[in-house]
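Keeping their order, the protein sequence lines are chains R and H. This note's numbering puts the last residue of the first sequence at 358; the count rises by one with no breaks. This note's numbering puts the last residue of the second sequence at 504; the count rises by one with no breaks.
Because the hints were derived from the structure by calculation, they are not lab data. One should not assume that every hint holds.
Below, simulated EDC-like cross-link-like pairs (lysine to aspartate or glutamate); rule was C-alpha separation at most 16 angstroms, straight line [claimed, not checked]: (1) R:Lys162 x R:Glu174; (2) R:Lys153 x R:Asp285; (3) R:Lys28 x H:Glu441; (4) H:Lys384 x R:Glu91; (5) R:Lys153 x R:Glu177; (6) R:Lys126 x R:Asp64.
Some chain R residues well away from chain H (every beta-carbon gap over 10 angstroms; in silico) [to be verified]: (7) Ser83; (8) Glu125; (9) Thr236.
Even for Gly, the Cβ is constructed at its ideal location relative to N, Cα and C.
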Amino acid sequence: MSQHHDDHHEHGHIQLEYQPALPIPNAKLCLWLFLSTEIMFFAGLIGAYIVLRFGAPTWPTPHDVHLSEPIGAFNTFVLICSSLSVVLSLEAAKANKTGLAKAWMCLTFVLGLSFLGVKAYEYKEKFAHGIYPAQPHGLLYDKPDVYYASALKVALEDEAKKYPVDSEDPVAKERREVLELLRNGLVQWNTRQATQATNPVEAQALIDSIAYTIQHPHEDHAELTRLQAEKTTLATQLDELSKAETPDPQELSLLKTRIATIDLLTADDAAILHHGVNHSYDWLDLPFVIPSGNMWASTYFLLTGFHALHVIVGLIVFAIALPATLGVGKANFIEAAGLYWHFVDLVWIFLFPILYLF
Amino acid sequence: MSPTEHAEPHHEADHAHDHEHGGTGKYWAVFLALCVLTGCSFLTYFEMWHNAIPVSVSRAFMMAVSCSKALLVMAFFMHLIWEANWKWVLTVPAAMMSLFLVCMLIPDIGYRTYHYSSERWNHTPQPIEPETHSAEGASAVPQPGH
Chain R
1 MSQHHDDHHE
11 HGHIQLEYQP
21 ALPIPNAKLC
31 LWLFLSTEIM
41 FFAGLIGAYI
51 VLRFGAPTWP
61 TPHDVHLSEP
71 IGAFNTFVLI
81 CSSLSVVLSL
91 EAAKANKTGL
101 AKAWMCLTFV
111 LGLSFLGVKA
121 YEYKEKFAHG
131 IYPAQPHGLL
141 YDKPDVYYAS
151 ALKVALEDEA
161 KKYPVDSEDP
171 VAKERREVLE
181 LLRNGLVQWN
191 TRQATQATNP
201 VEAQALIDSI
211 AYTIQHPHED
221 HAELTRLQAE
231 KTTLATQLDE
241 LSKAETPDPQ
251 ELSLLKTRIA
261 TIDLLTADDA
271 AILHHGVNHS
281 YDWLDLPFVI
291 PSGNMWASTY
301 FLLTGFHALH
311 VIVGLIVFAI
321 ALPATLGVGK
331 ANFIEAAGLY
341 WHFVDLVWIF
351 LFPILYLF
Chain H
359 MSPTEHAEPH
369 HEADHAHDHE
379 HGGTGKYWAV
389 FLALCVLTGC
399 SFLTYFEMWH
409 NAIPVSVSRA
419 FMMAVSCSKA
429 LLVMAFFMHL
439 IWEANWKWVL
449 TVPAAMMSLF
459 LVCMLIPDIG
469 YRTYHYSSER
479 WNHTPQPIEP
489 ETHSAEGASA
499 VPQPGH
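With the rest of the complex left out, here is chain R:
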């Protein structure tokens, strides 16, 4: 046991005092211990993101994955405001201005809710574009390869089942035709050509062309030139084949389908090719490729998800505090809750630039 001399003159005598712990309230000490473990928890997550990202051969830009930087900046501003309001609530409580303390606390609660609302909107945007943290909902593929081509073919076949062959509805008929052209004239044709190609780079380019046609973040004018050149070559082949004595009907049909597909993609100033199939047809959600997109989705949802969970916990604590009279007696509670909330703000201060601006 250690004893210390107290030199407070107002007591008028030497006071021996046992000091069992740090000179702060137990709640504050425990909260700081908890926060030190939280620092390591988020350092692990953020560190994992950084090494995964900078070790990856490629990484999607915010535009590729529908991240909006102004929305992220707005959320940062919201959290900074909430940090200010909670510290002002603490100061008001210490001065025993209970009404003012409650008003600041209410504002903190509303700002926290706003942050969550904006985050929910951002999540909804990702889900609407087929970006999920995991299968089976996700339409996202990391690489255009045989697995992607196979998934695309299955998705086109499943979609086609919605429009019966004998349907008289002109919309259903038109959609079915588009689906068949995409399946036979794009996916089947390109994969068949890729398997026959002797050069692996050329084979990869054919599969890349499928992914590009479905969805792409940046326009590539070379693709249109390539398709126009291909169409000229195929038209010549079709002409020669038709003039043959015994033309192969299957080969003829394949060539006609491919030409019809190129016509579809390049019609109206190549509108479908430039915008991508997924964006041109709002009734169609086909699997698409974002290189390293799945790794991005996993890390983004993990980091922001854990952060959002911390925000929810903070809001629960504020909700518990709100009905009480926030005077001097509650100052320690508000301080502890505020420390936790500032930590949540601190984490977002690092998440915002590395997720939205890097």
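With the hints as your guide, set chain H onto chain R.
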């Protein structure tokens, strides 16, 4: 930590330092500084910035801004600037462990592509750009297997 601080009963000590830094003006000043710093890091969003500043400089700038914001929040909003020396006991080991944690991830995760085989590179995502359809484009990233 001074003997006086040890001798103080918990709540008295706490309230004693609370009143040493009364007034809310400094919190508003910190809030303004945080808003300005957020605005600074948001500058990197604009095309003009991208054209003028290299990416690595831009990232270093953003991290410097984030660290400044974090220090402001910790020092003023979390009151660490007014706390006694116990603050180092709780924050320094955690900060060091965090750094070690990240450093330990670098060899296995950060440098993972350094040890990829040719076969592994075939299954690695590459940007879908016309230039990368050629073998030259793919070699933009170090590929020891090739």
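Hints, verified against the model:
no. : hint                : result
1   : R:Lys162 x R:Glu174 : holds (12 angstroms)
2   : R:Lys153 x R:Asp285 : holds (13 angstroms)
3   : R:Lys28 x H:Glu441  : holds (12 angstroms)
4   : H:Lys384 x R:Glu91  : holds (12 angstroms)
5   : R:Lys153 x R:Glu177 : holds (15 angstroms)
6   : R:Lys126 x R:Asp64  : holds (11 angstroms)
7   : Ser83               : violated (5 angstroms)
8   : Glu125              : holds (18 angstroms)
9   : Thr236              : holds (24 angstroms)
The structure fails to meet hint 7 from the earlier list, while all remaining hints are met.
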